[in-house]
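*Asks:* Below, each chain spelled out in residue letters.
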Amino acid sequence: MSTLRFNTWQDTGGTEVANSTLGTGKILQVVSTTKTDTFTAATDNDGTPNAQWTSVTGLTATITPTSATSKVLVLVELSVGYLMSYRITRGGTAIGVGAAAGSRQQATSGGGKDNTYYLENVSGVHLDSPATTSATTYGVDIANNSSTATTITLYINRMQNDFDNTATSRGISTITLVEVSA
Amino acid sequence: MIDYTAILTANYEGSAWSLNGDTYDGLTWLSDTPKPTQQELDDAWPAVQQARQDAIAAEAAAKQSAIDKLAALGLSVDEIRAAFGLGGD
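Protein sequences appear in the order of chains A and E.
Add 846 to a position in the first sequence, counting from 1, and you land on the number used in the working numbering.
Add 4 to a position in the second sequence, counting from 1, and you land on the number used in the working numbering.
Hints are supplied without guarantee of correctness; some may be wrong.
Subject to a maximum C-alpha distance of 25 angstroms in a straight line, what follows is the list of computed SDA-like cross-link-like pairs (lysine to any residue) [unchecked claim]:
(1) E:Lys39 x A:Thr903
(2) E:Lys39 x A:Lys917
(3) A:Lys959 x E:Gln53
(4) E:Lys39 x E:Trp49
(5) A:Lys959 x E:Leu90
(6) A:Lys917 x A:Thr1020
(7) A:Lys872 x A:His972
(8) A:Lys959 x E:Ala66
(9) A:Lys959 x E:Asp26
(10) A:Lys959 x E:Gly25
(11) A:Lys872 x E:Arg56
(12) A:Lys917 x E:Lys67
(13) A:Lys959 x E:Leu77
(14) A:Lys959 x E:Arg56
(15) A:Lys959 x E:Lys39
(16) E:Lys39 x A:Trp899
(17) A:Lys959 x E:Ala61
(18) A:Lys872 x E:Gln53
Stretch by stretch, here's where chain E covers chain A in the computed footprint (C-beta under 8 angstroms, at least three residues) [claimed, not checked]:
(19) 878-889
(20) 923-932
Interface residues of chain A toward chain E, partial, derived using beta-carbon atoms under 8 angstroms [as the list claims (entries may be wrong)]:
(21) Glu862
(22) Ser913
(23) Asp974
(24) Thr1014
Honestly, the hints are just simulated from the structure, not real lab data.
Glycine residues also receive a C-beta, built at the ideal position from the N, C-alpha and C atoms.
Generate the whole structure from the sequences, applying the supplied hints.
*Replies:* Structure follows, in structure tokens:
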């Protein structure tokens, strides 16, 4: 796991430049977490909307906005080894998801494939307005796309088949937060 | 390395859990049923591993059988590959 943070800017002479003078649309800070180990989970689609989401351990990033008016651009990249939906969360609450529509799961997006030797990059972007200057944690939840009430195992950063040979791969997943002045 | 995910998927169908990383320490049990011990999972690994290898071997044998039957009908290797995706791996 790695975290990149910076929250001050300097001109070429080494003098700090106040964020308030940067105007809108400027990048104020970037926080990023990369998960390199695996995460798997068995979740049950019991037919209850949004009931079976599981947080991906180790794939969170925390940012402290410098202004309550700032936007936070959330960038998510997942290495997915099976069919799944995912959603971005802020403080444990889903954000950037589709509108409620019956029993359908409200996801940011989804991807993957029912294949034992498969690893796919699934990415998503959401521009958030947290309206706070407090430390705010973003994360990722995943859920299965099965249409039946059975338990499905979901795979992050690994294939379904994970034999120790060159036919399999391990991947990385990343969540990056970009504070943008507004 | 023991694949705990494979064991849990094979032997604990219907249970909800998550596993962060590759070791038993990363296992979070979400079902109301008792969480299996590491010893129980470790003991189950040889059978699960064998079952997975048997399944792969059976799949390969079925694929080869299909190729042989198609070849017996007069299809070339290239035709079988183009039509069914068999024989290319």
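*Asks:* Next step is simple, just say for each hint if it's right about the structure.
*Replies:* Each hint, compared with the structure:
no.: 1; hint: E:Lys39 x A:Thr903; in the structure: holds, 19 angstroms
no.: 2; hint: E:Lys39 x A:Lys917; in the structure: violated, 42 angstroms
no.: 3; hint: A:Lys959 x E:Gln53; in the structure: holds, 23 angstroms
no.: 4; hint: E:Lys39 x E:Trp49; in the structure: holds, 16 angstroms
no.: 5; hint: A:Lys959 x E:Leu90; in the structure: holds, 20 angstroms
no.: 6; hint: A:Lys917 x A:Thr1020; in the structure: holds, 19 angstroms
no.: 7; hint: A:Lys872 x A:His972; in the structure: holds, 17 angstroms
no.: 8; hint: A:Lys959 x E:Ala66; in the structure: holds, 22 angstroms
no.: 9; hint: A:Lys959 x E:Asp26; in the structure: holds, 22 angstroms
no.: 10; hint: A:Lys959 x E:Gly25; in the structure: holds, 22 angstroms
no.: 11; hint: A:Lys872 x E:Arg56; in the structure: violated, 52 angstroms
no.: 12; hint: A:Lys917 x E:Lys67; in the structure: violated, 54 angstroms
no.: 13; hint: A:Lys959 x E:Leu77; in the structure: violated, 33 angstroms
no.: 14; hint: A:Lys959 x E:Arg56; in the structure: holds, 19 angstroms
no.: 15; hint: A:Lys959 x E:Lys39; in the structure: violated, 29 angstroms
no.: 16; hint: E:Lys39 x A:Trp899; in the structure: holds, 20 angstroms
no.: 17; hint: A:Lys959 x E:Ala61; in the structure: holds, 22 angstroms
no.: 18; hint: A:Lys872 x E:Gln53; in the structure: violated, 53 angstroms
no.: 19; hint: 878-889; in the structure: holds (count 7)
no.: 20; hint: 923-932; in the structure: violated (count 0)
no.: 21; hint: Glu862; in the structure: violated, 39 angstroms
no.: 22; hint: Ser913; in the structure: violated, 34 angstroms
no.: 23; hint: Asp974; in the structure: violated, 25 angstroms
no.: 24; hint: Thr1014; in the structure: violated, 11 angstroms
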